Amino acid sequence: MAFFDYFRRAPKSATLAKDRLSIIVARERAGTRVGADYLPQLQQELLAVIARYEKIDLAHVTVNLDKSGGCEVLELNIQLPDAPPAAARPPQPPAVA
Amino acid sequence: MDSVSSTKEATVSNASKVVVVTSGKGGVGKTTTSANIATGIALQGKKVVAIDFDVGLRNLDLVMGCERRVVYDFVNVIRNEAKLNQALIRDKRVETLYVLPASQTRDKDALDAEGVGRVINELKEQGFDYIICDSPAGIEKGAQMAMYFADEAIVVTNPEVSSVRDSDRVLGLLAAKTSRAETNSAAIRTHLLLTRYSPAMVKKGEMLSVGDVLELLGIPLLGVIPESKAVLQSSNKGTPAILDETTDVAQAYLDVVFRYLGEERQHRFIEDQKRGFFGRLFG
Chain B
87 MAFFDYFRRA PKSATLAKDR LSIIVARERA GTRVGADYLP QLQQELLAVI
137 ARYEKIDLAH VTVNLDKSGG CEVLELNIQL PDAPPAAARP PQPPAVA
Chain Y
974 MDSVSSTKEA TVSNASKVVV VTSGKGGVGK TTTSANIATG IALQGKKVVA
1024 IDFDVGLRNL DLVMGCERRV VYDFVNVIRN EAKLNQALIR DKRVETLYVL
1074 PASQTRDKDA LDAEGVGRVI NELKEQGFDY IICDSPAGIE KGAQMAMYFA
1124 DEAIVVTNPE VSSVRDSDRV LGLLAAKTSR AETNSAAIRT HLLLTRYSPA
1174 MVKKGEMLSV GDVLELLGIP LLGVIPESKA VLQSSNKGTP AILDETTDVA
1224 QAYLDVVFRY LGEERQHRFI EDQKRGFFGR LFG
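Residue numbers (this note's numbering), protein chains in the order written: chain B, 87 to 183; chain Y, 974 to 1256.
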């Protein structure tokens, strides 16, 4: 048996462990960065602003803090509804005379 | 001599050095490492104290074999209920080695930065070259107090996912929640100690390799301690493994101590040497 095992390329669990760790460690380093705990609130406030103009819900706004190379990237992803009705107009701005 | 003095600050002995042995995760070998490194450095003639910060769950005294000589403890000293010299236990095997045991009856809130700082300063005044702080598991008060005054940190890690993740977390704390971080002094020097390593499993792709862990954590390697039954045997006896030079663990810890003190030592116990090609073929 050992003879055949030697030639078989079984999936390596250590490789799996390393891949999983690379992701989680990178994410946690980004997350534990000072000041990054404002993301949920930022998401809520963005939603409130956009909701004044477009009918969207929380699931359509994602906020992510990522690291690519040496710099941090704040990624906002706002998904607008497919076909906005032609008549839809933004609500009156508050300061119109 | 030249090679020793050229390795910068590691060999400077005129100032005390506070070293925290930490990990986040429990059961990875912090206390074993504290006991062995403290003993190993003391064997080189340095005056060393190992402080148990695991208030409520003290174990360093057991591993060092001095549990029956504990009268006063670290918390007694912090609360001025005992003098430092009454709580310090002098090792019976190595003359320059001392243990400051934790309290078994209080909890970790008994530690505060002011009190811990005062005790550490007093140890420095007494001329200790190395003050080894054995951290409790976790990242709560006890662990934070153990690392707060550190100049250097030995991060003990097993080649295993939860341990590596927790070590990374602890590295974040070392960089942010310590006296050096808060006073914008030079960062704590961190060293990785990989314990319970099994080269045979690494070879089969069933364990993270030294290289994998180094790449993930990004701190310099102090040493690799092989998985070995000598660790259990030595804790059974209350004799740090490093005192029995015939075992692989003792050799590994001796390497670590010399390397830490600034000597060049080749890393060992990384390659699987027990079974060659034919061993695998017919095993």
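Don't read these hints as lab results, they were simulated from the structure.
There may be inaccurate statements among the hints.
[What the hints assert, rightly or not] The calculated BS3-like cross-link candidates involving lysine-lysine, where the alpha carbons are at most 27 Å apart (straight line), are: (1) K98(B) to K998(Y); (2) K1097(Y) to K1150(Y); (3) K998(Y) to K104(B); (4) K998(Y) to K1056(Y); (5) K104(B) to K1019(Y); (6) K998(Y) to K1202(Y); (7) K98(B) to K1019(Y); (8) K1150(Y) to K1176(Y).
As the structure is a prediction and not an experimental result, all values here were calculated from the model.
Going through the hints against the structure:
About 24 Å separates the Cα atoms of K98(B) and K998(Y), which keeps this hinted pair within 27 Å; it holds. Between K1097(Y) and K1150(Y) the alpha-carbon distance is near 22 Å, which keeps this suggested pair within the 27 Å criterion. Pair hint K998(Y) plus K104(B) holds up; C-alpha atoms about 18 Å apart against a cutoff of 27 Å. Using a Cα cut-off of 27 Å, the hinted pair K998(Y) and K1056(Y) is violated, with the two alpha carbons roughly 33 Å apart.
A C-alpha spacing of about 39 Å is found between K104(B) and K1019(Y), which places the hinted pair above 27 Å, so the restraint is violated. Restraint check for K998(Y) and K1202(Y): the C-alpha separation of about 21 Å stays at or below 27 Å, so the hint holds. At roughly 45 Å between alpha-carbon atoms, K98(B) and K1019(Y) are farther apart than 27 Å, so this suggested pair is violated. A C-alpha spacing of about 38 Å is found between K1150(Y) and K1176(Y), which places the hinted pair above 27 Å, so the restraint is violated.
Of the numbered hints listed earlier, those contradicted by the structure are 4, 5, 7 and 8.
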